[in-house]
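There are 2 protein chains.
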Amino acid sequence: MKQPYLLFLGSEKVIENAKTAAGIAYWRPEACKGQFRLEGGTIDLGLPDLDLDEAVAAGIKTLVIGIAPFGGKIEASWVSVILTALEKGLDVAAGLHDRLQDHPEISQIAKTHGRTLYDIRKSDKKFDVGTGEKRTGMRLLTVGTDCAVGKKYASLAIEKEMKSRGVNADYRATGQTGIFIAGTGISVDAVVADFISGAAETLSPANDADHWDIIEGQGSLYHPSYAGVTVGLMHGSQSDKLVLCHNASLTHMDGLPNFPIVDFGACMDGYLSIARLTNRNVEFAGFCINTSKLSERDALDYMQRVEETFGLPCCDPVRTGVAKIVDKLGF
Amino acid sequence: MKQPYLLFLGSEKVIENAKTAAGIAYWRPEACKGQFRLEGGTIDLGLPDLDLDEAVAAGIKTLVIGIAPFGGKIEASWVSVILTALEKGLDVAAGLHDRLQDHPEISQIAKTHGRTLYDIRKSDKKFDVGTGEKRTGMRLLTVGTDCAVGKKYASLAIEKEMKSRGVNADYRATGQTGIFIAGTGISVDAVVADFISGAAETLSPANDADHWDIIEGQGSLYHPSYAGVTVGLMHGSQSDKLVLCHNASLTHMDGLPNFPIVDFGACMDGYLSIARLTNRNVEFAGFCINTSKLSERDALDYMQRVEETFGLPCCDPVRTGVAKIVDKLGF
Numbered sequence: 002m003k004q005p006y007l008l009f010l011g012s013e014k015v016i017e018n019a020k021t022a023a024g025i026a027y028w029r030p031e032a033c034k035g036q037f038r039l040e041g042g043t044i045d046l047g048l049p050d051l052d053l054d055e056a057v058a059a060g061i062k063t064l065v066i067g068i069a070p071f072g073g074k075i076e077a078s079w080v081s082v083i084l085t086a087l088e089k090g091l092d093v094a095a096g097l098h099d100r101l102q103d104h105p106e107i108s109q110i111a112k113t114h115g116r117t118l119y120d121i122r123k124s125d126k127k128f129d130v131g132t133g134e135k136r137t138g139m140r141l142l143t144v145g146t147d148c149a150v151g152k153k154y155a156s157l158a159i160e161k162e163m164k165s166r167g168v169n170a171d172y173r174a175t176g177q178t179g180i181f182i183a184g185t186g187i188s189v190d191a192v193v194a195d196f197i198s199g200a201a202e203t204l205s206p207a208n209d210a211d212h213w214d215i216i217e218g219q220g221s222l223y224h225p226s227y228a229g230v231t232v233g234l235m236h237g238s239q240s241d242k243l244v245l246c247h248n249a250s251l252t253h254m255d256g257l258p259n260f261p262i263v264d265f266g267a268c269m270d271g272y273l274s275i276a277r278l279t280n281r282n283v284e285f286a287g288f289c290i291n292t293s294k295l296s297e298r299d300a301l302d303y304m305q306r307v308e309e310t311f312g313l314p315c316c317d318p319v320r321t322g323v324a325k326i327v328d329k330l331g332f
Numbered sequence: 002m003k004q005p006y007l008l009f010l011g012s013e014k015v016i017e018n019a020k021t022a023a024g025i026a027y028w029r030p031e032a033c034k035g036q037f038r039l040e041g042g043t044i045d046l047g048l049p050d051l052d053l054d055e056a057v058a059a060g061i062k063t064l065v066i067g068i069a070p071f072g073g074k075i076e077a078s079w080v081s082v083i084l085t086a087l088e089k090g091l092d093v094a095a096g097l098h099d100r101l102q103d104h105p106e107i108s109q110i111a112k113t114h115g116r117t118l119y120d121i122r123k124s125d126k127k128f129d130v131g132t133g134e135k136r137t138g139m140r141l142l143t144v145g146t147d148c149a150v151g152k153k154y155a156s157l158a159i160e161k162e163m164k165s166r167g168v169n170a171d172y173r174a175t176g177q178t179g180i181f182i183a184g185t186g187i188s189v190d191a192v193v194a195d196f197i198s199g200a201a202e203t204l205s206p207a208n209d210a211d212h213w214d215i216i217e218g219q220g221s222l223y224h225p226s227y228a229g230v231t232v233g234l235m236h237g238s239q240s241d242k243l244v245l246c247h248n249a250s251l252t253h254m255d256g257l258p259n260f261p262i263v264d265f266g267a268c269m270d271g272y273l274s275i276a277r278l279t280n281r282n283v284e285f286a287g288f289c290i291n292t293s294k295l296s297e298r299d300a301l302d303y304m305q306r307v308e309e310t311f312g313l314p315c316c317d318p319v320r321t322g323v324a325k326i327v328d329k330l331g332f
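If you read the sequences in order, they're chains U and Y.
If you count by my numbering, then the first sequence holds residues 2 to 332, one letter each, in order.
If you count by my numbering, then the second sequence holds residues 2 to 332, one letter each, in order.
Hint data in this document are derived by calculation from the structure and do not stem from the laboratory.
No experiment lies behind these values; they were computed from the predicted model shown.
Cβ atoms here follow ideal geometry from the backbone N, Cα and C, with glycine treated the same way.
Derived DSS-like pairs (lysine-lysine); straight-line CA-CA distance at most 30 angstroms:
id	chain 1	residue 1	chain 2	residue 2
1	Y	K127	Y	K20
2	U	K62	U	K74
3	Y	K14	Y	K3
4	Y	K34	Y	K112
5	U	K126	Y	K123
6	U	K112	Y	K126
7	U	K74	Y	K127
8	U	K20	U	K127
9	U	K126	Y	K126
10	U	K123	Y	K127
Restraint ranges, calculated between C-beta atoms of paired labels, are given here:
id	chain 1	residue 1	chain 2	residue 2	range
11	Y	D125	U	P105	17 to 25 angstroms
12	U	K164	Y	P261	35 to 43 angstroms
13	U	E309	Y	D99	52 to 60 angstroms
14	U	P261	Y	K294	41 to 49 angstroms
15	Y	K126	U	R306	46 to 54 angstroms
16	U	Q109	Y	H114	28 to 36 angstroms
17	Y	D99	U	T203	19 to 27 angstroms
18	U	E106	Y	V319	52 to 60 angstroms
19	Y	F332	U	P261	32 to 40 angstroms
Please model the entire structure based on the sequences and the hints provided.
Encoded structure:
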């Protein structure tokens with residue numbers, strides 16, 4: 002995808018639905034030159050509001066649909082903006098369930114004007130079946146007690162901290178927001194089931210012995226909707242280190258009131274038993290906890306208790322940073 | 002799919018590549034009225050060799066491509082047979098990686114003659130994400146130490162034995178051969194990864210409290226290529242009972258010499274820990290072992306040792322039948 006980006010925010014009012022745009026703006030500020038809002042839109046990422054002519058004049062190359070309303074559909078009110086952007090010379094990228102390429106008018110106009118449409122979520126790329134064969138290089142995978150507990154944020158924070166210490170490290174994106182941030186990656190939950198671990202093997206290929214892939218986890222082994230994706234990603238990743246992510250305020254699994262959050266110890270045992278199939282030496286390197294709804298004192302107490310119980314560093318990537326985990330990795 | 006079937010065997014010489022046709026002929030003899038072989042083909046399922054005119058005269062409705070050569074491609078030598086079959090009024094069904102519908106000539110002729118093409122392996126059907134919500138009815142799932150250890154055969158044998166005792170039971174197919182046999186089912190390894198458990202929930206919907214779904218397992222929790230599929234299928238199946246399948250002659254995982262077969266006890270613990278997420282009461286009901294390469298005495302000794310070690314019935318569905326397992330279920 003060509004940078005810089007214009008982030009399309011539609012008429013969105015709910016920040017959770019704009020987390021793709023917010024994630025790109027936070028992690029790749031240098032790539033984001035403006036935002037584009039429709040009437041009624043209240044999300045403000047602090048970027049200049051540019052119209053399409055201003056965006057072109059500012060050298061912007063790609064309009065990124067940075068919102069994902071429930072259902073993941075292309076809304077009627079967006080279409081004229083997308084068509085005009087294509088006509089004015091921008092590529093368009095989206096990570097929706099509905100593909101830009103499957104929209105007859107959008108795909109026709111893109112063709113006419115020689116523009117590229119990027120459908121991040123649904124790739125047509127074919128993968129091989131996983132082999133389980135050991136690859137060179139080191140790999141860290143973030144895993145979660147649940148979905149949506151900050152695995153992407155933790156992975157990006159660990160990559161950043163490692164790079165700041167001169168480590169040869171790369172964040173490997175496995176979901177749409179991460180792919181926009183990294184500019185590359187594989188949306189593993191959109192791969193055909195037979196090829197999940199094969200896709201994960203492709204995502205983190207053999208590398209220098211001292212190179213670290215920091216792989217963004219997906220789903221959770223304890224979430225009954227998505228655990229298949231998690232397991233395939235784990236087997237293909239052959240992780241040397243795992244980091245357990247959790248949100249300290251959760252009382253049950255995402256969207257499933259009848260599924261309680263699993264105990265940390267049981268959770269770690271479960272993850273290790275799966276991960277050992279393709280890497281006997283895998284171990285946990287620490288915890289990343291979202292403590293945003295706790296007071297400073299409660300958050301620090303919480304993290305100290307986890308450290309004392311498990312003998313591993315416990316961080317909140319936002320509140321404390323992840324230096325302790327990178328220390329533990331030996332850098 | 003409309004029955005009866007004409008089983009297409011091409012010029013195949015390797016019985017393993019004709020296991021789809023062989024499976025249909027074995028489990029649904031009443032649906033198979035003939036076989037069709039090209040020059041050089043040596044596979045004989047003991048059915049009448051019919052040409053396409055004879056097949057139509059015999060009332061056959063569907064030509065089933067019952068072979069799957071390595072790579073799963075539609076071979077050039079098959080195309081004229083498929084086209085003639087369509088012209089003469091037969092539907093055509095296949096479970097190949099290459100879809101009949103994606104072959105321009107085949108799809109054109111089918112359209113012209115108003116015939117239906119069934120691509121069993123790659124469905125366009127969309128599924129919802131799994132919910133983990135408890136459904137009524139009872140479910141048994143076959144699981145394996147490895148892929149290709151007889152899970153389908155065991156499932157069909159258990160269904161047959163249960164039906165012979167008057168139990169309200171249905172085999173639920175999760176792979177191509179099983180779908181041909183059952184006439185319905187979902188090829189779960191071809192589903193988009195996010196929807197594996199959702200597809201499994203669709204496969205065995207809520208049913209009468211005394212109804213049993215006998216669900217064909219896929220892959221293995223211990224096979225690094227396919228465990229994601231296995232886990233999604235397990236979570237969606239919410240199995241009450243598991244049956245562990247194994248081939249007594251295996252020394253390593255299918256196609257992966259560096260991956261040894263896991264110990265039965267560890268294997269059962271692993272399966273139970275995954276299955277308990279969506280059914281706390283799940284337990285093993287027994288073992289189905291392929292002992293075909295052992296002598297009668299060695300096979301019986303093997304099964305007796307397993308029974309003594311785990312206190313559960315151990316059968317070879319071919320050598321001994323599965324009556325002991327159905328006894329254990331309380332029928």
